[in-house]
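K.L.:
These are the residues of each chain, in order.
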Amino acid sequence: MTILTNSRASLDKALDTEGTTLFLILDDPENAGELVHDKAVAIASARPWRNAFLITDPSLLTAKERKLWFDEAGYYAVVGGKDKVVAVRGPLDALIMSNGAPSAMEIRWSFNQGDLLP
Amino acid sequence: MKNVSVVLLLVLTACSAPKRKSYDQSEFDRLSRLQRGLVFTERDEHGSEHPISAMPGANGVPASPGVVVPGKSAPQVARLADGATIDVNSQIDLRTVDALQPPTASGVVPAGETHTLTKSVAEMAVAIHGLADLRAQEQQAVRDWNELESARGSQADAALRAAFDRSKHAAASTEQRALNVLRTLWPIKDPDRPKIEGILERAFPEVMKLQDGTLDRGAIDAAEAARAEQELIVEVQKKLDALSGSLREFEARTRERAEDAGQRLRIEAFLIPSDDGAKAHPVHVPGYDRLDEGEIQRIDPLGLRLTAEERTRLEELIKASDELAKALERVRRGEAKLTEVFEQLSGRLFADLDRLADDLSKLDPSTFAAQKQELERAVDDFVEAARAHLSSVGEDLRTKWKSELDQLIDRSPEIQQLVTTIETIRELRNRWDGVDVAALPKLLNDTLAAVSQLVTAVQKLPTLANDLQSHLDAWRELVAALPASTRTAVWDDSALRKLVEEWRDRARRIHDVVANAVALIKGVRAPVRTTLRNTETIDVPLGEAKDTLIDLRRTTRKAGDHLHVRARLLDGKEGEEDAEPVLDTTFDLEKLGWHADLVPSVVFVEGDRVAGANDSGGFSTALSWVWRYGARDDEDDPHLARSLGWSAGLHAVFLNFGPDNDAEIGLGVTVGLWDQRVQLGAGYNPMADSDDDGRIYYFLGSSLVPLLQALSRDD
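Keeping their order, the protein sequence lines are chains D and V.
Read in order, the letters of the first sequence are residues 1 to 118 in my numbering.
Read in order, the letters of the second sequence are residues 119 to 833 in my numbering.
Since the hints were derived computationally from the structure, they do not count as laboratory data.
Do not rely on the hints blindly, as some may be mistaken.
As the list claims (entries may be wrong) - Pairs of lysine to aspartate or glutamate residues, derived as DMTMM-like cross-links and limited to a Cα-Cα distance of at most 25 Å, are as follows: (1) V:K307 <-> D:D93; (2) V:K664 <-> V:E433; (3) V:K307 <-> D:D28; (4) D:K82 <-> V:E411.
Stated by the list, open to error - What the simulated footprint calls covered on chain V by chain D, stretch by stretch (three residues with Cβ under 8 Å from a Cβ of chain D suffice, anywhere in the stretch; the number is not a length): (5) 277 to 284; (6) 310 to 320; (7) 652 to 666.
Backbone N, C-alpha and C define an ideal beta-carbon position, used for all residues, glycine too.
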């Protein structure tokens with residue numbers, strides 16, 4: 001389950017597994033969170049150590065996680081490496097092309113940044 | 119030594135290596151195009167390069183980002199070149215770098231960055247072609263992950279984890295290099311970006327498509343994927359080719375702009391002899407003038423094979439040393455007074471000083487006040503007369519003239535200081551008459567103090583003299599602007615004209631005497647710049663400006679001279695308007711490294727044993743052949759050469775022990791300190807009949823080369 005509405009069990013499992021890279025989105029109904037999430041899931045499936053999560057309820061996150069991963073709703077973050085640190089983060093709008101579609105290249109690039117963490 | 123008769127002047131303390139100003143980034147950015155765009159390097163006669171504009175050891179390293187010379191690893195401007203010391207047998211390599219070119223219209227991209235971008239284009243092409251390895255790397259990473267998952271918690275876990283990390287990184291790196299290229303060439307909001315992303319998805323069809331909330335893996339068409347991959351590479355190559363073309367066009371446009379703007383580079387060089395700045399002459403700058411190349415004349419580092427110039431100077435110095443030695447000997451014997459000797463040797467100098475003081479004494483404050491009033495009255499009278507003749511002569515002409523006059527009067531305190539100092543020296547000259555040994559130390563102290571004051575006052579005088587002349591020239595221009603009939607009818611016979619010409623003559627005399635005084639006190643010094651023009655110069659269009667090599671060996675020179683290089687960037691295809699401030703750079707020519715010189719000196723020589731003589735010592739002339747080390751600017755103090763200015767060698771000296779002996783010549787060794795200002799020697803007199811005949815002797819002396827030269831001038 002990659003859309004987190006009331007449970008973060010799958011997120012915790014992914015965070016606890018060594019070698020994984022996570023693409024996280026804090027949803028904002030006015031932004032393209034779901035579109036980006038769908039694209040990220042499709043891209044992640046080719047490399048099974050990757051996961052994509054769409055968080056719809058900010059209260060599922062601790063204050064520290066909210067502060068480290070997202071500035072506010074409508075933001076994304078990629079975490080990875082041994083200590084699951086943030087490789088890249090930013091507003092979802094930075095992942096949207098001129099035609100309104102999410103950019104596979106940007107999502108791939110962000111995942112790679114997470115994969116390259118030690 | 120029986121009498122304290124040797125005067126030790128100007129013993130210098132240790133000299134540290136001269137440090138020229140080096141630039142930090144902000145200072146570099148404020149330099150003019152000429153300062154940033156011309157890089158000086160010395161190439162010695164062995165072919166080794168010594169940086170002048172660059173810092174030592176920084177060859178090929180840019181002084182600041184963006185200043186990269188395409189295809190070259192030339193040093194860049196990192197410090198001031200003016201004042202550098204170079205060897206008399208060296209060449210000066212003068213390179214033009216891109217910073218000389220005018221900025222682009224947008225001024226955004228430093229010209230040197232085009233080279234960096236061109237290089238990046240080639241690297242981009244390589245990164246895209248690397249995608250061919252991605253599929254295999256990704257599959258390896260998936261296999262390693264699956265193995266790791268199945269072996270979690272087992273003993274093989276750590277090794278499998280390491281293997282997975284390696285293959286995961288490899289796939290991510292390869293893909294990232296290609297994605298960086300694609301993201302650079304087609305930024306996120308580029309209208310062609312969706313098209314490129316579509317090609318990318320066809321090339322790597324493992325991407326799953328979402329259907330009804332489930333994930334589904336579509337069938338992979340390998341042939342279609344390969345075609346899409348080729349299509350992607352073609353698109354990238356087209357973009358890179360267009361980018362390379364744009365960069366080349368950009369560079370060409372920049373150069374064309376420089377030519378269209380008609381900017382020209384003019385480089386002139388002049389050799390200024392140390393003993394007579396008036397004999398400055400142009401030096402050939404290949405590619406920038408039509409002067410003859412000239413023949414190579416190497417200056418012998420052993421100091422034995424002299425050029426005509428060196429021979430002439432040596433003969434002058436030997437003559438001057440001989441004259442001074444004889445004069446001092448006469449003083450020692452009581453046959454002459456010291457002041458008489460100085461006056462005889464100094465030629466016109468003291469007479470000139472007297473006349474200068476007389477001239478300047480007319481300019482004391484009360485004289486100035488009276489002169490000012492007189493001048494103002496003359497101005498008023500003249501203007502009234504001119505107004506009567508020509509109604510258009512207006513207030514602003516009067517204001518301009520009075521403004522020039524006020525600036526002139528403002529310099530009176532400096533002139534007054536010089537008058538006071540000269541008065542002090544005149545008093546000291548009186549005290550030198552009849553001086554006794556007890557009073558000598560204080561008198562010497564007071565003299566040195568007065569000389570030091572004179573140096574300070576005189577140092578301001580060249581500027582003052584030049585200012586005086588330029589103010590008077592400004593007046594002359596204002597007069598020239600008057601209609602001819604007015605000049606004839608009113609100016610020519612006016613009291614103002616007479617006063618102005620009187621001031622002009624005074625300024626010229628001040629200027630001439632100042633030059634002598636400065637040479638006397640400072641012991642050297644011809645100017646280090648010249649206003650001479652090279653009439654054979656060629657103005658090179660900026661786009662065609664090339665590097666050049668100034669060969670010092672092809673011009674008459676000697677150690678101590680200066681080379682003045684003047685670079686100008688001129689606007690338009692003709693004319694003398696400067697687009698940038700003129701760049702003047704002066705180099706000091708010296709013999710560097712180990713070398714030897716013939717050095718004449720005045721010495722007090724005394725025999726070790728001279729039987730039957732009450733007075734076995736006396737002043738004489740010695741000629742030494744001494745070795746020393748000339749340190750380069752970037753060397754600190756090798757062999758303590760800079761601190762002690764030491765030298766050592768052999769000498770020949772005229773001897774005359776006892777009044778009945780004929781002149782003899784002694785041979786021995788010399789040690790010098792502080793650039794020959796102190797010399798110690800000892801030697802053997804082969805003409806002595808016995809040890810009691812002064813066979814062994816010693817001496818103490820000084821070359822005083824610059825001082826002797828100044829004192830013995832007769833012009």
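K.L.:
Quick check: do three or more residues in the region 310 to 320 of chain V have a beta carbon closer than 8 Å to a beta carbon of chain D?
P.N.:
Three-residue rule met by the region 310 to 320 of chain V, so holds; n is 6.
K.L.:
Closer than 8 Å, Cβ to Cβ, for at least three residues: run that test on the region 277 to 284 of chain V against chain D and report holds or violated.
P.N.:
Result for this restraint: holds, n = 3.
K.L.:
Verify the proposed pairing of K82 (chain D) with E411 (chain V), using a straight-line Cα cut of 25 Å.
P.N.:
Violated, at roughly 72 Å.
K.L.:
Given the hint that K307 (chain V) pairs with D93 (chain D), does the C-alpha gap stay at or below 25 Å?
P.N.:
holds (11 Å)
K.L.:
Straight-line Cα separation of K307 (chain V) and D28 (chain D) no greater than 25 Å?
P.N.:
The hint holds at about 22 Å.
K.L.:
Holds or violated: are the alpha carbons of K664 (chain V) and E433 (chain V) at most 25 Å from each other?
P.N.:
violated (42 Å)
K.L.:
How about the region 652 to 666 of chain V: do at least three of its residues have a C-beta closer than 8 Å to a C-beta of chain D?
P.N.:
Since three or more residues must qualify, the claim that chain D covers the region 652 to 666 of chain V is violated, with 0 doing so at under 8 Å.
Against the hints set out earlier in the document, violations occur for numbers 2, 4, 7.
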